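Novice: Given the coordinates of chain A, work out where chain B with the ligand should sit on it, guided by the hints.
First to last, the protein sequences are chains A and B. Using this note's numbering, the first residue of the first sequence is number 1, and each one after it goes up by one. Using this note's numbering, the first residue of the second sequence is number 263, and each one after it goes up by one.
Source of the hints: derived by calculation from the structure; they are not laboratory data. Don't take every hint at face value.
Keeping only pairs whose Cα atoms sit at most 30 Å apart, straight-line, the calculated DSSO-like set for lysine-lysine is [said to hold, decoys possible]: (1) B:Lys334 with B:Lys656; (2) A:Lys239 with A:Lys261; (3) B:Lys590 with B:Lys327; (4) B:Lys627 with A:Lys186; (5) B:Lys371 with A:Lys115; (6) A:Lys239 with B:Lys430; (7) A:Lys186 with B:Lys430; (8) B:Lys327 with B:Lys365; (9) A:Lys86 with A:Lys9; (10) A:Lys9 with A:Lys261; (11) B:Lys656 with B:Lys430; (12) B:Lys627 with B:Lys590.
Only a predicted model underlies this, so the values are computations on that prediction, with no experimental measurement involved.
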Amino acid sequence: MTRMNRITKLFAEATEPILNVYATAGYPNFGDTMTVLNALQAGGVDIIEIGMPYSDPVADGETIQQSNQVSLDQGMTVAHLFEQLKDMRQTVSVPVLLMGYINPVLQYGVEAFCKKCAEVGVDGLILPDLPMAEYESEYQAIFEQYGLYNIFLITPQTTDARIAQIDAISQGFIYMVSSASTTGAKTGISSDQETYFKRIEGMNLKNPRLIGFGISDRASFLKASESAAGAIIGSAFVKLLGQAQDLHSEIVGFVQSIKGKK
Amino acid sequence: MNHSFQVDERGYYGDFGGAFIPEMLYPNVEELRSRYLDIIADQSFQEEFHALLKDYVGRPTPLFKAERLSAKYNTNIYLKREDLCHTGAHKVNNTIGQILVAKRLGKNKIVAETGAGQHGVATATVCALMGMECIVYMGAIDIERQAPNVARMRMLGATVVAAQSGSKTLKDATNEAMRHWINNPVDTHYIIGSVVGPHPYPDMVARFQSVISEEIRSQLQEKEGRDYPDYVIACVGGGSNAAGAFYHFLDEPRTQLIAAEAAGQGVGTGHSAATTFLGKAGVLHGSKSLLMQTEDGQVIEPYSISAGLDYPGIGPMHAHLFKTGRAKFYDITDEEALEAALECSMLEGIIPALESAHALAVFGKLNAKPNEVVVVNLSGRGDKDLSTYQQRLKLND
Ligand SMILES: Cc1ncc(COP(=O)(O)O)c(C=O)c1O
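Excised from the complex, chain A in its bound form:
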């Protein structure tokens, strides 16, 4: 299985800030997953992060928690998600990541899960409760066999030594959590955060970085993109999904407004 991972290609070729948008699978309605993906792509998103809903998402704030619960209540499972993503690559060409918690992956079976990811065209995984040491000893070989990048998080409290370790083991990009928080807890970027952004920028890491948590509009997207290759929007987009009257046009409009294409 030797294709060039879409994530590597994107970062190598990007000429403007990269926008990664998170959407909870099966939200707002069970059958909306592909509608949301197609609309994100139509709007010009650069990376799509699909949230696999979980009953106990400890790293997430209220907005994403609630979307997870709604999706689960509507019957979403990992198996259903793969079914919905079966023909994804016929319409979606941007890199796609699955984001979720480790337990549903364990129950699906790590190898079976990775195999399915490769089959439907998923490029990488973000599993916040899979720590680096576990990844190295139990998961890395399987992920790599299926060409999946594992995206690691760093936070303002992560030590330089650990950041160096994470950089060494990372592929694709590093997910820079903008502040000590769960998702959706804070908005905007303070001067403290800018100091942290600059510190990381000065480390000359081999991997590019995207900044996430607290990014909600074009201003915060551009601000974050001054210190990284781009940024990630989660809760603000999930809020839109929860309120949208016309999913397709509102999603396209949202992405265009962030990218400055409107």
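Specialist: Frame of chain A; chain B with the ligand shown alone:
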């Protein structure tokens, strides 16, 4: 002594344990992991810990020979009276230990989760004692059904926050406490209430609770002329009182370890909390253990009449004791626990907590011999459960 049932370097008990935490928690958990053993071993810590256990908690707790229960079951039954601890349960052994650790880590704020409110009260108590700010997360549903403990926490100066997420009970309160810690990583220590959570919590909590079996050993030596029982029985929610009661007997082959799990209405009814009967290996709240979950890996909300046993997992140490056969697990229904509570009250004049009543309900299933010695850990007193007892045992008629 060979420590085959103790945690290993990587934080595992056999296949179970580890630290499955998001990176946001890593610095805090790593700081704790790298320092807890040195902190606990330090002489000043040991002196302060033991002085507080003695003068504040009221330790050692008695080991009481229950003559009438012994006569009924034709064996020798001892009750380890954790119900006589300050605040009414074993939980305070752990909160005393952890607040002393928190102080040495330079933290001045405490966050905790609670189900029935016992751990919340024990945490609020030590925070008042040490002058630390205390926030306790409690499921919105539990706040309603455990009103007296909510009032106790507030009187002790704690802020009680309702967990509104998920099923609004203990597992969600634990999620919220973890989220609070993520959002307040620098000045806050998380006092987890059982032998669950990421390494080093299960080991640290077990060490603080191990005073229970340490005392049982010396008390039995005095009363029976031998320092081990044939059986130690304890209830298992997350498993902290059981871990403490088992700890010094883990490598004593003459002692059988018996765990009582809450079967709720029965393991086959869909209304149960008996994890070893209904769970499989999975990850929740930072460790790999046995977990009640759907085929898709979503955590199932358990049911038990006893709020303290109403948890969908068990600590990784207990999963290992189960898997290796070192401990034997019994599934005790609501009804069996209620009967055992009534029996202990009528025969011994001791009203047990509903949790502890699950352990007492094992007597009838054990077939202990007349010359054998059975110790049951009476983890807490029943005051908090009186309204349930009133209703279910029809005490008003
Ligand atoms: C009296 C008592 N016993 C037992 C428990 C269960 O906890 P663990 O299994 O950690 O001992 C509780 C929890 O609230 C309790 O209050």
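Novice: Now tell me if each hint is right for this structure.
Specialist: Results for each hint:
Distance restraint check for Lys334 (chain B) and Lys656 (chain B): the Cα-Cα separation of roughly 24 Å lies within the 30 Å cut-off, and the hinted pair is therefore satisfied. Simply put, Lys239 (chain A) and Lys261 (chain A) have alpha-carbon atoms about 21 Å apart, close enough for the 30 Å limit, and the pair holds. Distance restraint check for Lys590 (chain B) and Lys327 (chain B): the Cα-Cα separation of roughly 23 Å lies within the 30 Å cut-off, and the hinted pair is therefore satisfied. A distance of roughly 55 Å separates the Cα atoms of Lys627 (chain B) and Lys186 (chain A); the hinted pair therefore is violated under the 30 Å criterion.
At roughly 45 Å between alpha-carbon atoms, Lys371 (chain B) and Lys115 (chain A) are farther apart than 30 Å, so this suggested pair is violated. As the CA atoms of Lys239 (chain A) and Lys430 (chain B) are separated by approximately 22 Å, the hinted pair is consistent with the 30 Å bound. Our distance criterion of 30 Å between C-alpha atoms is met by Lys186 (chain A) and Lys430 (chain B), whose separation comes to about 24 Å. Of the pairs offered as hints, the one joining Lys327 (chain B) and Lys365 (chain B) is violated, with about 38 Å between alpha carbons and a cut-off of 30 Å exceeded.
Taking the CA atoms of Lys86 (chain A) and Lys9 (chain A), the gap is near 23 Å; set against the 30 Å cutoff, the hint holds. Distance restraint check for Lys9 (chain A) and Lys261 (chain A): the Cα-Cα separation of roughly 22 Å lies within the 30 Å cut-off, and the hinted pair is therefore satisfied. For the hint pairing Lys656 (chain B) with Lys430 (chain B), the CA-to-CA distance comes to about 29 Å; that is within 30 Å, so the pair holds. Of the pairs offered as hints, the one joining Lys627 (chain B) and Lys590 (chain B) holds, with about 12 Å between alpha carbons and a cut-off of 30 Å not exceeded.
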